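Generate coordinates for the entire structure from the input sequences, incorporating the hints supplied.
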Amino acid sequence: MTGERPGRVLRVQSVLFGHQLSQLWRLLHGLDAAACVLLDSELATGVEWAMGDSSPGPVLGDPDTQAMHEATGSLSNVTYEFFGENLGSSGGQNRLADRHASDLLLVLNPDTYPSPTALVELVRAVDEPGVGIAEARQIPLEHPRVYDERTGDTSWASGYCMMLRRPVFDQLNGFDSATFLLHCDDVDLSWRARRAGHRVVTAPRAAVFHDKRPTHGEGWPAPDYEIYHSALGRLMLARRWDRPDILEQTERAIDEGGVAMQRAALEEFKARVADGRVPASEPDPAQIAQFIDGEYAEHRF
Amino acid sequence: MASMPSIDSEQAGATPRYDFTFAWNSAYGHVVELVQRLDIERGLIVDLGCGTGTIAQPLTELGFEYVGADIDPDSLAELAGRGLDGRYLDLGDLEQLPEAIRELTDGRPVAAVLLLDVVEHMPETRPFLEALRRGLDAIDRPHLLISVPNIAHVDVAAKLVFGRWDYTPTGLLDSTHVQFFTADRLGRETRACGLVELAAHDFTMRNSDQHFPSEHPAVSWASPVAAAIRIWRESADRHADTIQFVRAFLPSPRASEATDLSVPATLEREPGARAAREPAVRALTVVMRTQGRRPTHLRDALTCLAAQSVENFDVAVMLHTPNPEETLPSVEALVAEFDATFSGRVAVLPVIGGGRARPLNAALDRLSSDYVAFLDDDDVVTADWVERFIEAAGDGAIVRSVAALRRVSPSDESHRAPFVVQSGLEFPYTAKFDVIRHLFENETPICTFAVPRYLIETFRLRFDEQLPILEDWDFLMRCVALAPVRDTEKVTSVYQMWRGGESSASLHEAEVWRGAQRVLQERRNAQPVLLPAGSADRLVKLCERLIELEARDVVISELEEDLHMHGAASKEHAEARVRLEAEVGRLQGELANVNHAYAVTVQSRRWRTLSPLARAAAAARDPGRALARLLRAGRGG
Numbered sequence: 001m002t003g004e005r006p007g008r009v010l011r012v013q014s015v016l017f018g019h020q021l022s023q024l025w026r027l028l029h030g031l032d033a034a035a036c037v038l039l040d041s042e043l044a045t046g047v048e049w050a051m052g053d054s055s056p057g058p059v060l061g062d063p064d065t066q067a068m069h070e071a072t073g074s075l076s077n078v079t080y081e082f083f084g085e086n087l088g089s090s091g092g093q094n095r096l097a098d099r100h101a102s103d104l105l106l107v108l109n110p111d112t113y114p115s116p117t118a119l120v121e122l123v124r125a126v127d128e129p130g131v132g133i134a135e136a137r138q139i140p141l142e143h144p145r146v147y148d149e150r151t152g153d154t155s156w157a158s159g160y161c162m163m164l165r166r167p168v169f170d171q172l173n174g175f176d177s178a179t180f181l182l183h184c185d186d187v188d189l190s191w192r193a194r195r196a197g198h199r200v201v202t203a204p205r206a207a208v209f210h211d212k213r214p215t216h217g218e219g220w221p222a223p224d225y226e227i228y229h230s231a232l233g234r235l236m237l238a239r240r241w242d243r244p245d246i247l248e249q250t251e252r253a254i255d256e257g258g259v260a261m262q263r264a265a266l267e268e269f270k271a272r273v274a275d276g277r278v279p280a281s282e283p284d285p286a287q288i289a290q291f292i293d294g295e296y297a298e299h300r301f
Numbered sequence: 001m002a003s004m005p006s007i008d009s010e011q012a013g014a015t016p017r018y019d020f021t022f023a024w025n026s027a028y029g030h031v032v033e034l035v036q037r038l039d040i041e042r043g044l045i046v047d048l049g050c051g052t053g054t055i056a057q058p059l060t061e062l063g064f065e066y067v068g069a070d071i072d073p074d075s076l077a078e079l080a081g082r083g084l085d086g087r088y089l090d091l092g093d094l095e096q097l098p099e100a101i102r103e104l105t106d107g108r109p110v111a112a113v114l115l116l117d118v119v120e121h122m123p124e125t126r127p128f129l130e131a132l133r134r135g136l137d138a139i140d141r142p143h144l145l146i147s148v149p150n151i152a153h154v155d156v157a158a159k160l161v162f163g164r165w166d167y168t169p170t171g172l173l174d175s176t177h178v179q180f181f182t183a184d185r186l187g188r189e190t191r192a193c194g195l196v197e198l199a200a201h202d203f204t205m206r207n208s209d210q211h212f213p214s215e216h217p218a219v220s221w222a223s224p225v226a227a228a229i230r231i232w233r234e235s236a237d238r239h240a241d242t243i244q245f246v247r248a249f250l251p252s253p254r255a256s257e258a259t260d261l262s263v264p265a266t267l268e269r270e271p272g273a274r275a276a277r278e279p280a281v282r283a284l285t286v287v288m289r290t291q292g293r294r295p296t297h298l299r300d301a302l303t304c305l306a307a308q309s310v311e312n313f314d315v316a317v318m319l320h321t322p323n324p325e326e327t328l329p330s331v332e333a334l335v336a337e338f339d340a341t342f343s344g345r346v347a348v349l350p351v352i353g354g355g356r357a358r359p360l361n362a363a364l365d366r367l368s369s370d371y372v373a374f375l376d377d378d379d380v381v382t383a384d385w386v387e388r389f390i391e392a393a394g395d396g397a398i399v400r401s402v403a404a405l406r407r408v409s410p411s412d413e414s415h416r417a418p419f420v421v422q423s424g425l426e427f428p429y430t431a432k433f434d435v436i437r438h439l440f441e442n443e444t445p446i447c448t449f450a451v452p453r454y455l456i457e458t459f460r461l462r463f464d465e466q467l468p469i470l471e472d473w474d475f476l477m478r479c480v481a482l483a484p485v486r487d488t489e490k491v492t493s494v495y496q497m498w499r500g501g502e503s504s505a506s507l508h509e510a511e512v513w514r515g516a517q518r519v520l521q522e523r524r525n526a527q528p529v530l531l532p533a534g535s536a537d538r539l540v541k542l543c544e545r546l547i548e549l550e551a552r553d554v555v556i557s558e559l560e561e562d563l564h565m566h567g568a569a570s571k572e573h574a575e576a577r578v579r580l581e582a583e584v585g586r587l588q589g590e591l592a593n594v595n596h597a598y599a600v601t602v603q604s605r606r607w608r609t610l611s612p613l614a615r616a617a618a619a620a621r622d623p624g625r626a627l628a629r630l631l632r633a634g635r636g637g
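Same order as they appear, the protein sequences are chains V and W.
301 is the number that my numbering gives the last residue of the first sequence; the numbers go up by one with no jumps.
637 is the number that my numbering gives the last residue of the second sequence; the numbers go up by one with no jumps.
Hints in this document: simulated from the structure, not taken from any laboratory.
Misleading hints may appear alongside valid ones.
Calculated pairs, DMTMM-like style, for lysine to aspartate or glutamate (alpha carbon to alpha carbon, straight line, at most 25 Å) [to be verified]:
# : chain 1 : residue 1 : chain 2 : residue 2
1 : V       : Lys212    : W       : Asp314
2 : V       : Lys212    : W       : Asp384
3 : W       : Lys432    : W       : Asp395
4 : V       : Lys212    : W       : Glu391
5 : V       : Lys270    : V       : Asp224
6 : V       : Lys212    : W       : Glu387
Here the structure is a predicted model, which is why all the values come from computation and not from measurement.
Shown next, in the form of C-alpha cells:
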C-alpha cells in the first residue's frame with residue numbers, strides 16, 4: 001500500500017433482475033481473481049461486492065450469500081439486498097451507493113466476468129489526471145464507440161462496467177433514475193460528468209466479458225423492454241440536452257416506421273411531458289452531448 | 001497347421017497341407033529377417049507347429065540349431081527325410097504344453113521359439129498363450145516370434161461389405177482357422193500374457209489371395225466403391241495391406257507385468273471406451289494454440305473460456321515456442337491469475353518445433369475427454385460456446401457452430417496491447433454445414449467445430465504438419481468424410497480477420513494460400529467424394545442453372561450484335577443501348593458467377609485459379625437496422 005492512498009476501498013455494485021445463481025457464481029469467481037490482482041498492486045486495500053435485487057422475488061437466499069462470502073479469498077465482503085421493488089438499474093445503483101461509503105465505485109452488470117487484470121487497469125485509468133469515469137473494453141463483442149487510442153477519452157461510458165471516483169458519483173448525485181430507468185442513464189451520467197469537468201475514458205486494457213449472444217445474420221436482436229427503454233431514453237436525452245431537432249427527428253422516425261414498443265415509448269414520453277415529468281432542458285454550449293447518426297458518439301463501424 | 005487336426009477332408013491324405021517352399025518375399029522370409037535383425041545369440045530354435053519345417057534351412061544356415069514339433073506324422077516324416085529333428089507335439093494339450101516345450105530343448109540354450117501360422121488354429125487364444133508363456137518361463141524366457149494372418153486386410157473387409165466371405169484351403173480365410181486377428185487384437189492378447197513386443201516385420205501385399213473375383217466392385221481397381229473402402233480402411237490403421245503380422249516378443253520377467261485380466265479384452269485400449277477404474281473424463285477439451293507473445297489476446301481468450309456457462313471442460317494451452325524456459329513462466333503466471341475453479345482446469349504444455357499444426361497434434365496425442373474443440377489465442381467466443389458443443393455432442397457426430405467475422409487491427413507492433421476492432425460482426429458463414437460448399441472454401445473456422453475423441457483415435461486423425469496454412473480445413477474435411485455433422489446453428493465465436501500486423505492472413509502471401517489450396521484440392525480430387533443424401537438435387541440444380549445461363553449467353557451475343565448493327569444514331573437508340581448494355585453486364589456477371597460455382601463443383605481444375613478471399617461476404621450491417629440504430633440504447637450497447 002502506498003502512503004498516498006491509505007485505506008482505499010473499491011465497492012463493486014451489481015443490480016440483479018431475475019439472474020441465475022450460476023451467473024452470480026461465475027461473476028464472483030471473476031471478481032475474486034481480479035480483486036486479488038488489484039490488491040497485489042497496492043492500488044487499493046479492499047474490494048467489496050454489493051448486490052441489489054430488483055426482481056419480483058429474491059434471487060439469492062441467505063445461505064447463498066453466506067456461501068459466496070465464504071468462497072471468496074480476496075473480496076472483503078459480499079452483500080445482498082432484496083429491494084422489494086423494481087428500481088431499474090440506475091435506481092438500484094443509487095440505492096446501493098447511498099448506503100455505503102467507498103473511494104471507488106464499479107457499476108457492473110451481473111452477466112459479466114472481469115478478466116483478472118480488469119480492476120487494476122480500471123483503477124489505473126481513473127487515477128489518470130482529470131478522469132472521473134473509466135469504462136472497460138467489452139469482450140467478445142466490443143462496443144463500436146470511438147475513443148482516443150492515446151488518452152482513452154470518449155463521449156460516454158457504458159454502464160455495463162464503469163468505474164467512478166466516488167466524489168464524482170456524489171457530485172453528480174448518481175444516476176438520474178427518475179428520468180432513465182434502464183437505458184441512456186449511463187450516457188446521461190457520462191455527459192454530466194464531462195460537463196462538470198471530468199474526463200470519461202475507455203480503458204482498453206481492462207477487458208470484461210459481457211455475456212451477449214449474437215444471432216446468425218442479425219447481430220443481437222433487442223428484446224421488447226430494451227426497444228422500449230432505449231427509445232424513451234433517447235427522447236429523454238434529447239429533451240435534457242436541449243436538442244429539439246433530435247426530438248423531432250426521433251418522433252418522426254417512430255411515427256413513420258417505429259415498432260409497437262417504440263410507439264409506446266413515444267406515448268409515454270408525451271404523457272410525461274404533459275405531466276411535467278421530464279427533465280428541464282439545459283443548454284449545452286460546450287456541445288458535450290453528441291447525437292451522431294442515431295448514436296451518442298462517433299462510431300468506428 | 002499340422003499341429004491341429006485338419007477339418008478340410010479334401011486336404012487329408014499323404015501330402016502335408018502346408019507344404020510351402022521357403023521364399024524371402026513371404027511371411028517366413030520376414031521371420032528369418034527379423035531373427036537376423038534382432039541379432040539373436042545362436043542357440044536352439046524351437047519351431048512349434050512346424051509342419052514340414054519350411055523355415056528350418058535358412059535358420060540352420062544362419063548357425064542355429066533347429067527342432068520342429070508337430071502333431072502331423074506326415075510332416076514329421078518329411079522332416080526326418082531331410083535330416084531335421086522333428087518331434088511329436090500336441091499343442092492342444094495345454095496342461096502338458098509347458099513341460100513338453102522344456103523337453104524339446106534337451107537342456108540346450110534356446111535362442112527363440114517360433115509360432116508361425118499356429119495361433120489362428122487354436123480354439124482358445126488366451127489359455128493357449130498363457131500355457132505357452134509358462135513354457136517360455138521354463139526355458140529361461142527366450143525370444144518368441146509369432147506370425148499370424150490379418151483378417152482385416154482390405155480385400156477381406158471390402159468383400160464382407162458386399163456379403164462375401166470366401167473360405168479357401170490356405171491363406172487369409174483358410175477354412176481351418178478358428179480364431180481371427182487384427183493388429184489390435186494381437187497386441188491385446190499378447191500383452192495380456194506378459195509378452196512384450198520387441199519388433200515387427202509384417203508381410204504386406206496389396207493384392208491378397210482374397211483379391212477375387214477381380215470383376216467384383218469390392219476389389220476392382222476401377223471401382224469407386226473399392227477406392228472409397230480402401231481410403232477408409234487405410235485411415236483406420238497401417239494394416240490395410242498386411243497379409244501376415246510378423247512380430248517378435250520377449251516374455252516380461254514378472255508375470256505381474258501382464259495386463260490386468262479383470263479389464264475385459266473388448267474394453268482394453270478400445271478407442272473411446274473407459275475402463276471402470278478410470279476417473280470420469282470431461283465432456284470437452286479446448287485446445288488453445290499460442291506462442292505466448294500476445295499476452296493481452298491470450299488473456300482475452302482465456303477470459304472468454306473462464307466465463308463459459310458450463311464447467312465440464314478443460315483447456316490445453318499448447319505453448320508453441322522454441323524457448324519454453326523463456327515464455328512458459330509468463331504464460332503459466334497468466335493462467336494463475338484466474339480463479340482456481342478455472343485455472344485448475346487449464347494445463348500449459350510447451351511444444352517445441354514443427355509448424356502451425358504441431359501443437360494441435362501434440363494435444364490430440366493426449367486427449368482424455370469425449371470431445372475436442374480448438375481456439376486460437378486471438379479469437380474470442382461467447383459464453384455458450386462450450387455448452388452448445390456439449391448439448392449437440394453424441395452418436396459420434398462432429399458438432400458445428402457458427403462464427404461471426406470481424407476485422408481488427410493491432411494497436412501497436414508489439415501486440416501487447418489489445419487489438420482495435422474495425423468492423424461490426426459479419427456473417428459470411430452458413431448456419432448449416434454444406435459439404436459441397438466446403439469443397440470450394442472453408443466455412444467452418446477452427447473455432448467452430450468439435451470432434452469426438454473416438455473418431456480421432458479410431459482413425460488416428462491428425463492435422464497435416466506439412467501444410468503451412470489451411471491445416472484446419474484439411475482436418476475438418478477428413479473428419480466429415482467419416483462422421484456426420486450436427487449443426488447447432490448458433491453463433492458462438494468471433495473469428496478475427498486481421499488488417500495488417502501479424503496474422504496468418506498477412507504473413508502468407510496470396511501465392512502461399514493458392515498453393516495450399518491447390519494441394520488440398522488435388523488431394524481431394526484423388527479420392528472419391530461421398531456426398532450426403534440430397535446432394536444430387538443440388539448438383540442437378542447447379543447444372544440446370546448453368547445451362548439456363550449458357551442459353552442467356554446466346555441471347556447476350558444476339559443483343560450485342562443488335563447493338564452493333566443499330567449503333568447510336570438516335571437518342572432512342574442511345575437509351576436502348578444503355579439499357580441493353582446494363583442488361584448484358586448483369587447477365588454476364590450472373591453467368592460468370594454460376595460458371596464459377598459450377599466449375600468449383602464439378603471441374604476442379606478451374607477452382608485452382610480462384611482467390612480464397614474472393615468470397616468474403618461484406619454484409620456488415622443489415623439495412624433494415626437504420627431505425628434501430630437511431631434508437632439505440634445506451635447501457636451496454
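Results of checking the hints against the structure:
Distance hint between V:Lys212 and W:Asp314 is fulfilled; the C-alpha atoms sit about 23 Å from each other, no more than 25 Å. Between V:Lys212 and W:Asp384, the direct Cα distance comes to roughly 10 Å. Compliance with the 25 Å bound is thereby established for this hinted pair. A hinted pair counts as satisfied when its Cα atoms are at most 25 Å apart, and W:Lys432 with W:Asp395 qualifies at roughly 18 Å. Between V:Lys212 and W:Glu391, the direct Cα distance comes to roughly 19 Å. Compliance with the 25 Å bound is thereby established for this hinted pair.
Pair hint V:Lys270 plus V:Asp224 holds up; C-alpha atoms about 19 Å apart against a cutoff of 25 Å. Restraint check for V:Lys212 and W:Glu387: the C-alpha separation of about 14 Å stays at or below 25 Å, so the hint holds.
Of the hints listed earlier, there is not a single one the structure fails to meet.
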